[in-house]
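Asks: Here is how the chains run, residue by residue.
There are 2 protein chains.
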Amino acid sequence: MDVLTAIKGRRSIRAFQRKIVPEEIVEELIDAARWAPSAGNIQPWEFIIVQKQEIKRRLAEAALEQSFIEEAPVVIVVCADEKRSSTGYGTRGRVLYCIQDTAAAIQNILLAACSLGLGACWVGAFKEEEAREILKTPREIRPVAMIPLGYPDESPPPRKRRNLSQIIHHDTF
Amino acid sequence: MDVLTAIKGRRSIRAFQRKIVPEEIVEELIDAARWAPSAGNIQPWEFIIVQKQEIKRRLAEAALEQSFIEEAPVVIVVCADEKRSSTGYGTRGRVLYCIQDTAAAIQNILLAACSLGLGACWVGAFKEEEAREILKTPREIRPVAMIPLGYPDESPPPRKRRNLSQIIHHDTF
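From first to last, the protein sequence lines are chains A and B.
Taking this note's numbering as reference, the numbering of the first sequence is continuous, increasing by one, and the terminal residue is 308.
Taking this note's numbering as reference, the numbering of the second sequence is continuous, increasing by one, and the terminal residue is 308.
Possibly wrong hints are sitting among the right ones.
No copy is singled out in the list; a pair is fine if it fits within one copy or between any two copies.
To be verified - Simulated crosslink set (BS3-like; lysine-lysine; CA at most 25 angstroms straight-line):
hint: 1; residue 1: Lys-295; residue 2: Lys-218
hint: 2; residue 1: Lys-262; residue 2: Lys-218
hint: 3; residue 1: Lys-262; residue 2: Lys-187
hint: 4; residue 1: Lys-154; residue 2: Lys-262
hint: 5; residue 1: Lys-143; residue 2: Lys-295
hint: 6; residue 1: Lys-187; residue 2: Lys-218
hint: 7; residue 1: Lys-218; residue 2: Lys-154
hint: 8; residue 1: Lys-187; residue 2: Lys-271
hint: 9; residue 1: Lys-295; residue 2: Lys-262
hint: 10; residue 1: Lys-271; residue 2: Lys-295
hint: 11; residue 1: Lys-143; residue 2: Lys-271
hint: 12; residue 1: Lys-295; residue 2: Lys-187
hint: 13; residue 1: Lys-295; residue 2: Lys-154
hint: 14; residue 1: Lys-187; residue 2: Lys-154
hint: 15; residue 1: Lys-154; residue 2: Lys-271
hint: 16; residue 1: Lys-262; residue 2: Lys-143
hint: 17; residue 1: Lys-218; residue 2: Lys-271
hint: 18; residue 1: Lys-187; residue 2: Lys-143
The set of hints was computed from the structure by calculation and includes no laboratory data.
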């Protein structure tokens with residue numbers, strides 16, 4: 136699928152068919168993720184592929200009862216390695232680059248999923264402490280997004296975007 | 136260009152031909168940016184298209200003398216609107232969603248640029264206060280990245296990535 140088609144055609148999908156997503160497809164998504172750029176090529180990311188029903192159920196709970204999370208065949212939890220980024224770049228690494236680098240990786244996953252006929256949704260609203268406990272992450276590994284994914288069972292229309300004239304400035308703000 | 140080809144083939148480009156980048160191409164990149172997902176579809180982003188030589192020069196200075204910034208025909212400065220995100224989501228909106236949403240938009244720009252034969256580079260290392268002053272941004276508008284871009288005059292090899300086995304975990308960390 137063409138890049139611009141994927142960028143503009145991607146939707147947040149929250150309803151999934153029961154069809155299983157093959158392991159090699161999930162790995163292809165994570166392969167796409169790791170080709171994101173990162174500050175100093177530090178690659179401060181880790182990916183947890185969650186398929187166990189009980190863990191998905193608890194993640195949905197931690198995510199303020201967004202029940203579609205447990206209905207997805209797979210959830211990829213993307214984590215930021217704060218230590219990796221702060222070792223290279225101090226506080227700016229920990230609070231900025233680390234979040235940006237993993238967000239670029241997440242966007243790659245969403246676009247790759249779209250191009251492979253999968254649906255996915257970027258979930259950022261969850262209780263981090265609960266997610267950490269469920270996923271048994273070490274202290275420096277911060278879960279920054281859950282991505283439930285599967286074959287889509289809905290086809291939502293595009294959501295309205297701000298006009299270009301509202302968001303473009305020239306030379307200065 | 137195919138999504139996965141762009142994701143894996145994109146490189147950070149720091150050397151540019153003198154050839155001008157047409158305005159409509161730059162707008163196409165920002166059009167791609169605004170199709171990124173954002174928390175609650177809040178779209179907390181603003182884009183400054185910098186073409187004036189003097190401003191590019193000062194941005195390069197603010198970016199710790201990364202002189203390739205002033206040599207690029209165009210620099211897109213991506214800004215995060217902290218107020219937009221914090222109004223919707225409080226502190227988590229300001230320090231997390233706002234950064235993630237703009238990072239996804241930046242990744243869209245880099246991929247769209249690659250697919251259109253342009254080269255670009257994500258610059259995150261700069262003195263924010265200096266950048267704010269140069270760009271005359273209001274208080275709530277935070278410059279989060281500079282993207283110098285143009286037709287590439289180099290073709291760097293891929294940089295090494297961590298192996299999938301190092302970054303993939305199953306069900307828990």
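Asks: It remains to establish, for every hint, whether it holds in the given structure.
Replies: We went through each hint and held it up to the structure:
1. Lys-295 / Lys-218: Between copies only: 20 angstroms across, 38 angstroms inside.
2. Lys-262 / Lys-218: Classified as both; 21 angstroms inside a copy, 22 angstroms across copies.
3. Lys-262 / Lys-187: Within one copy only: 20 angstroms inside, 45 angstroms across.
4. Lys-154 / Lys-262: neither (29 angstroms within a copy, 49 angstroms between copies)
5. Lys-143 / Lys-295: Result: close within a single copy only, 12 angstroms intra versus 30 angstroms inter.
6. Lys-187 / Lys-218: neither (28 angstroms within a copy, 38 angstroms between copies)
7. Lys-218 / Lys-154: Classified as neither; 38 angstroms inside a copy, 41 angstroms across copies.
8. Lys-187 / Lys-271: within (14 angstroms within a copy, 51 angstroms between copies)
9. Lys-295 / Lys-262: neither (28 angstroms within a copy, 34 angstroms between copies)
10. Lys-271 / Lys-295: neither (38 angstroms within a copy, 28 angstroms between copies)
11. Lys-143 / Lys-271: Classified as neither: same-chain Cα gap 36 angstroms, cross-chain 31 angstroms, threshold 25 angstroms.
12. Lys-295 / Lys-187: So Lys-295 and Lys-187 fail the 25 angstroms test inside a copy (35 angstroms) and across (32 angstroms) alike.
13. Lys-295 / Lys-154: Result: close neither inside a copy nor across copies, 30 angstroms intra and 35 angstroms inter.
14. Lys-187 / Lys-154: within (15 angstroms within a copy, 53 angstroms between copies)
15. Lys-154 / Lys-271: For Lys-154 and Lys-271, neither the intra-copy (28 angstroms) nor the inter-copy (52 angstroms) Cα distance is at most 25 angstroms.
16. Lys-262 / Lys-143: neither (30 angstroms within a copy, 33 angstroms between copies)
17. Lys-218 / Lys-271: Classified as within: same-chain Cα gap 17 angstroms, cross-chain 34 angstroms, threshold 25 angstroms.
18. Lys-187 / Lys-143: Neither, since 32 angstroms and 30 angstroms both go past 25 angstroms.
The structure fails hints 4, 6, 7, 9, 10, 11, 12, 13, 15, 16, 18 (numbered hints given earlier, in ascending order).
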